[in-house]
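Residue numbers (my numbering), protein chains in the order written: chain A, 635 to 844; chain B, 635 to 844; chain C, 635 to 844.
No lab work stands behind these hints: they were computed from the structure. Fair warning: this is a prediction, and the values are worked out from it, not measured in the lab. Some clues are possibly wrong.
Since the list can't tell identical chains apart, any single copy or any two copies may satisfy a pair.
[What the hints assert, rightly or not] Listed below are the simulated DSBU-like cross-link pairs for lysine-lysine, each with C-alpha atoms no more than 35 angstroms apart in a straight line: (1) Lys745 x Lys698; (2) Lys829 x Lys698; (3) Lys725 x Lys829; (4) Lys698 x Lys725.
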Amino acid sequence: MANNEIVYALDLLGTAAFAASGALAGVRRGMDIFGVIVLGVVTATGGGVMRDLLLNDTPPFCFKNELYLYLAVVASVIVFLTPRRFERMRKAMLILDALGLGTFLVIGTSKALSFHLGFMGSVIMGVMTGTFGGMMRDVLSNEIPLILKHEIYASACAVGGALFYALHQYGVPEGINLTASALLVITIRCVAIIKGWQLPRGKGMEQLHF
Amino acid sequence: MANNEIVYALDLLGTAAFAASGALAGVRRGMDIFGVIVLGVVTATGGGVMRDLLLNDTPPFCFKNELYLYLAVVASVIVFLTPRRFERMRKAMLILDALGLGTFLVIGTSKALSFHLGFMGSVIMGVMTGTFGGMMRDVLSNEIPLILKHEIYASACAVGGALFYALHQYGVPEGINLTASALLVITIRCVAIIKGWQLPRGKGMEQLHF
Amino acid sequence: MANNEIVYALDLLGTAAFAASGALAGVRRGMDIFGVIVLGVVTATGGGVMRDLLLNDTPPFCFKNELYLYLAVVASVIVFLTPRRFERMRKAMLILDALGLGTFLVIGTSKALSFHLGFMGSVIMGVMTGTFGGMMRDVLSNEIPLILKHEIYASACAVGGALFYALHQYGVPEGINLTASALLVITIRCVAIIKGWQLPRGKGMEQLHF
C-alpha cells in the first residue's frame, strides 16, 4: 500500500473514532438522535474544517470528499443505537482515538507547511486539526474542554508537530516524516494514558480576580 | 411579487424573528443592552455567516447588505425595551421562527448547490444556515444548544434540505422547489410544536465514561 | 516614531495584555500549562483571526507575522509561573487591557474600511477585533461572556468605531483618526472602570420562556 493510502486509511479510522467520542458525549447528555449526529460530525470534522478555513482552502476537505461526513454520520448512529458496546470497548476506543490524533496532527502540519506557514503556524494548524473538534464537542456539551484541563493530549500533538517541522526543515522525505511524527504523538498519548502522566497545572486560585 | 422578492421578504422576517429570540435569551440572563444586541445579531446572522465562510463567499451576506444587521439591531432593541410583549406573543413568535427556519434552510441549500456541493454538504449548509445562529445563542448563554436536546427543529431542516436536493436533481424549477421545501420544513416544525413530537433520545447514561 | 510604528507597538502591548488575561482565566480554572497557553493565545489573537476570516484575508495576521503568537505564548507562560504577581498588578493590567482594546478597535475598523465595508460592518469588525478573543476565553472557561453582562467594554468599542467611521468619511487623516478614536475608547473604558459605569440591563425575567 502506498504511503498516501495508509495516511488516508488512518484518517478515515480517526474520523470514525472521533465521531464515536462526540456521539457518546451526546448520548450521555440525553441528546436526541439528531443532536448525537451533529456532535459526532462536529467532533470528527471540526478540526480539519477550522484548519481549512484559516488556510482558505474552501470548501473544507469534508465537503470535497463527503465520505468523511457519511462515515461520521454512520459511526454516530451506531453509537446512538448501541452505546454500551462502546463502553466495553473503552480501551480499544482510546487507542483508536490516539491513532486519529497522530494522523490528524501530521495531516494538519503537513498541509500548513505546503501553505508556507512558519513554525508556530504549522504546529498550531496540526494541533488544531487534532483537537478543535473535541473542543467543540465539549463546548456544545457545556463543559470546559477536557484537553485544556487534564491529560497529555494537545501537548502530545504540539511535540509531534514540532518534530514534523524540524524533520521537514532537514529535508527528511515526507513519508518517513509522516510516520515518525504520527508515531511519536501516538506513543506519547498511549504512554500518558497507561502511566497517568499529567502536565503541571495552575493552582486554580479562585481568589484571584482580575 | 416575483419569487425572489417573496424569499427576500421571508428572509428579512426570519432575521427579525431570530434576532428577537436571541435578544430574549439575553434579557432573561440579565445582559445589558449591548449584550442583548450582540446576542440578537449573532442569532439572526450566525448561520448565514458560517455558511458563507465555509463556501468562501466573503464578506458574508450581511456585510454586503447591511439591512440584515440594522434589522437585527432594531428587533433586539425593541425586545430589550418591551420583553413582556413578546411573552404574550409566544405563539406568533414560534410561527415566525418556523417561517424563518424554512426560509433560511432553502436559501442555504440552494446556495450550496450553486457552489457545487454534494448531497451531504448541501443539506448541512442548509441546516447550518437555519440553526447555527441559535446554537451560538445557546453557547453564549452557557447552555447546551436546545436543538441538540429537544424538539423537531434541526431535523425538520434536514428533511427539507434532502427534499430540496432531490427536487433539484430532478430538474424541478427553483421557484417551486424553494416553496415546496420551505413549506415542508415549516409544516413539520409547526406540527411538531402542536403535537409535542420528539425524536428518540439517548438514555443519558451518566455512568458511561469514555 | 512614525504613526504606524506606534500602532504596532500598542498592538503588541495589547496582545500581551490580552494573553495575560486569558492565561489568568486558565490558571484560575486549574488548567494545565498547555491549556493556559491555548487560552492565552486564543484571547490575544481570536478577535483578529475572526476579523481576517470574515474579510477573507488569509492566513490571518498572526500566521503572517508569528511575533504575535510567540508574544502570546511567552506572556501566558509568565502568567502561569507567577500568577500572583499579576494579581498585585491588577490596576496596571486593566489599563493595559484598555490600551489594547482601543488599539484593536481602530486596527479592525480601519481594515474593514479598506475592504470597503459599510458603517455597521466596519463598526462590527472593530468591536469583534477588540472583544471576540475575550468572548472565546469565557466560552472555553464555561462562562457567559463577561462583556455581554457587565461593564462598558464592547460598547466603548462601538462608540470608538462609529467615531472612526465618521472621521474617515469626513476625510480626516488616518493618523489623527487612529489616535482620536483609540483615545476615545481608552478614555471611556478607564472612566467606566473608575466610576463603575454600567449600561441598563434586562430584568433577567427567568419566568419568560419563549
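Hint check:
With identical chains, the CA atoms of Lys745 and Lys698 are at most 35 angstroms apart both within one copy (16 angstroms) and between copies (16 angstroms). In this assembly of identical chains, Lys829 and Lys698 lie within 35 angstroms of each other by CA distance neither inside one copy nor across copies; the values are 40 angstroms within and 39 angstroms between. For the identical chains of this complex, Lys725 and Lys829 are intra-copy neighbours only, at 14 angstroms inside a copy versus 43 angstroms across copies, given an alpha-carbon limit of 35 angstroms. Taking the closest pair of Cα atoms, Lys698 and Lys725 come within 35 angstroms of each other only inside a single copy of the chain (33 angstroms); across copies the shortest separation is 41 angstroms, beyond that limit.
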